[in-house]
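Heads up: the sequence lines are chains A and B, in that order. Okay, so the first sequence: first residue is -8 according to the numbering used here, each after it adds one. Okay, so the second sequence: first residue is -8 according to the numbering used here, each after it adds one.
Source of the hints: derived by calculation from the structure; they are not laboratory data. Any given hint could turn out to be false.
Identical copies go unnamed one by one, so any copy, or any two together, can satisfy a pair.
[Said to hold, decoys possible] Taking lysine-lysine pairs in the DSS-like style, the calculated list, with each CA pair at most 30 Å apart, reads:
#	residue 1	residue 2
1	Lys5	Lys75
2	Lys91	Lys51
3	Lys19	Lys91
4	Lys49	Lys6
There are 2 protein chains.
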Amino acid sequence: MPTASGHTQAIRAKKVIGTPVKDPSGKKIGEIEDVVLDKLSNNIMFAAVSFGGFLGVKEKYHPIPWSMLTYDENEDGYVVNITKEQLQAAPADTIGELTKNDGLTYRDRAFDYYRSPRYWE
Amino acid sequence: MPTASGHTQAIRAKKVIGTPVKDPSGKKIGEIEDVVLDKLSNNIMFAAVSFGGFLGVKEKYHPIPWSMLTYDENEDGYVVNITKEQLQAAPADTIGELTKNDGLTYRDRAFDYYRSPRYWE
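Throw the hints in and build the complete structure from the sequences for me.
As structure tokens, then:
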């Protein structure tokens, strides 16, 4: 069962990390820095994405719900439908802060901000 | 909410990869090679674990349900309750084969073999 873009369902974390993130026009705006996993529930909490070059802010990472990242084989990257303005006001912090308090603070803030369906309810 | 071992709930894929896997006595028997993620469902499909040195078989990886890996801070690694005999008969293959057919073939075989509760039903 390939996804709509022809990508397969199973993807290795090693391959996800470092993959470019693009806007719908195909412009690279960031990169997957890491994927934060939930030790207790078998779930992916969020991806930590760096939009530093695009936003002009260094060493801050954005928690992005996994379901918002659509892999596009033609672009060889993940396409997200987020504007620069949205990202500038979005939750972002250092990796250490993103995973503090079990990652729940930033997970909840990110899912709320992007109005993503919660996987934990 | 720390886990029983004091480990936090959120864990980064980069930190999981390369972490030792030990038996309940604390002996290192393997290492986390990668984590296979489900692009469609927000779930962790399984960890790909190398038990090569322990089993004397090279370049084969075992799909292990995420819930079977218990992080033990004292051991600085994941502890699994699997015997050598169990591992020798367990599903194992190259990384490429593990993720073929959307990873479903090996995911299902592993969950069946270890009698792990299925997250997808």
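Here is how each hint holds up against the structure:
no.	hint	in the structure
1	Lys5 to Lys75	both (27 Å within a copy, 27 Å between copies)
2	Lys91 to Lys51	within (14 Å within a copy, 35 Å between copies)
3	Lys19 to Lys91	both (29 Å within a copy, 29 Å between copies)
4	Lys49 to Lys6	both (23 Å within a copy, 22 Å between copies)
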